Amino acid sequence: MYVPVKPSMFKFPLSVANAQFQAYTNLDPTGKREIIRMKARCQLVTSFFLAILLLRLTVLSCNAAQQNAPQSPSLMALGGIGSGAVFLSSDASLAAAEPTAGDYHSFPPYEIGFLAARVRIGEETHAVLLSTQSLHDLPSLPKLATTRRFPIAHFQVPQDLLPVATELLAFSSFIPHDIANSTLPVAGFVVTFHNPLPIAAEVSALISCPSLFQQPLKAEILPAANGFFGAHIVSKQGETAVLTYPQRGDATVTACCWNTGAPNAAWWHDFQETGDLTGQQQLDNASSPSIAICVHLTLAPHDQVQIPFAVAWHTNLSPSPYYAALFPNATAIAQRLLANWLALYALTAEWQDNLNFSNLPAQLLQKLTDSLQPLLTNATLDQQGALALPKEASLPPADRLVQRLFLLSPLLDLYPDLIVTEIRKLSDSFQQTKNNIDAAALLILSNAYVHQTNNLIPLTTNAQTLQAAIQAVASSQPQANILWTWAALFAAESLTDLIHAQSLKMQLSQAFTKANEVITQQFQSFTAPTTASDFPAKWLDQIALIRVFLPDIPIPLTIPHLLSYTHVLSASQAFLLVAQNDPDRGFRYLSSIATEPDNPTAVVIWSLLKALDGFRIDQIQRELWLLPSFPSAWPRLESPIFSANLWATLHYTPTARGEIMRFYVVRLFAPGPLAYPHSAGLLPKLPAPQLEINALYIPAPPPFPERRPNRLTEVHLSLAQRPLGFRLKPINPSVLCLQLDAPLQLTAGDELDIEVH
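Each residue of the sequence shown is one higher than the one before, counting from 1 in the UniProt record's numbering.
Please note that the accuracy of each hint is not assured.
Stated by the list, open to error - 25 Å max Cα-Cα, derived PhoX-like pairs, lysine-lysine:
| id | residue 1 | residue 2 |
| --- | --- | --- |
| 1 | K434 | K514 |
| 2 | K538 | K505 |
| 3 | K236 | K218 |
These aren't lab readings, by the way, just hints derived from the structure by calculation.
Nothing here was measured: the structure is a model prediction, and the numbers come from that model.
Taking the hints into account, I'd like the entire structure generated from these sequences.
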């Protein structure tokens, strides 16, 4: 017999606090009088107890209200870098899509995609959407435990709602330094059933998805091949494919095409009764076609099964995206994910685990990961690996540079090979246009990439263009795009030796002196409260980006003062405050900044990691900076470090008279194939993954009154408990330099311990 699942059937356990309160109200009159007499004897103690009880009830009520109240329709993007996204709602439904940059559209309520589960044990059957939103009048869940952090979301059905433990995992492949697998236009969904009972259970998992492209033409079921089952929807713009790859031979896969514009989902009755689907195998000229795929199997006692699905897309619009050179259609992309989903998910979760194992606040971790979402939808990645912005042509050159650098800022840490392709693109553009903005961007990116990776190939193969860019910036008028000119001249100063352009040093020095004077005058004009409100808000973004790519540039110290008079609340403002040693104010602002997929300026929040741990690496000069700056309420800092060619962790504990630090190298990375021109002869010249340092910069201990005037700072430096020799050089009252006696080479697994007294 089929038992329909209704919200009224779900029973919620009474909380402990409510149970205590109920026990009190059920007391007889004699018991209540006894309590009143006790209260009269111990008024202070009882009042304190009641206050605590009231606070506990209030907190529990607020938590229950947050869990049971309808969730805001916040969306999480799932897809590939520069390849578009499908958007997962907080209620676990597929609410919108942007298969190509600039083509965002929300699904009407009747087109929203969803997943569903069916469980049958004996004569008891439950069939329900794995969502808290009711679609097509189908039964849904009253609540769903949710954990979302881009690009992974976990949804767990409470144990009292289904007799078999049921979970839903949604993710997309986002693996630093792996461009091929991080640009896949596909989202994975894995339904997990665990049978805790001593009897067998029938389980079915289902996914229904509309076309991610507008103006669909045809939906049809695809023939099974190599264990893959699925269907696709063809439209004028591209193809949407939905596939599954059951891991068990006893699984039954059924599929159908259906028109979501119909009054109801006719196939749902069969799904309830049998756990399978029946319906049309092809649908032509339907206004709102969707495809549904179901996997049905029997779960033995205490057994578990994972049923994966993939939703992929492939555009046929020109210019072709990066993934089009690797996969001919959406079906092949879905098969790539399904055949490797365990490895892709594990590698995606690895870098998130580095964040989870830190002591950073949960809100910050959420914003750090969510800030990366615009990489999927705000640009496209062409077949050469270069970013293209859909609205780039309509923007002024300076605004165009700001938009590009926002998206490039996390790529320098996570996908540095894409910075090389951007350098090539800027080089070609500058050769054609001789535009000073292109020259500035070329110099800034080249300097940042080379110093973080020690890969000189982008410079040696592009030396003449870089020299021309330096001359163009040095001869330009400082007043025109002054911030970018100033930053480009600073970057060019360190590039001249690397490209053997010492003859430009005199001209470069004079130009930077003039630009620095103009910058100083500009900032001094805003120092008074009466004029600080005139500080141009657009400068916040430019200064923040300059600080990200040129961390050693001398940003004027008046910035925190000016930010007090700025009425613009932005991610750049929060980042600058943390980077300028005012983390308490920066984190107060950060809590109000949205990190939605359509907010590309929030990408700079990712750079807060380096602002917090004060990490900076110069592989050319072989110098390492560890100068943490975190809120005063934090007793210590345990933070991951993501850089162009290494992953590390920093453990920093300030003490009353010094500090204890540990720098642990997690992994080193070599440049990938995109980091060099298509010439096999250059491959052996790429630097091996290594980290070599000659100098280490750390915070100086705080001053204390009883310290003797001639007392020297005591520093201990060791590698794997082996002491290292160095010379101590105070740089200023807050920074110490440890000049090593011999170059130190660090590999993965090395621990560098520092104690300062």
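Index of numbered hints that the structure contradicts, given in increasing order: 2
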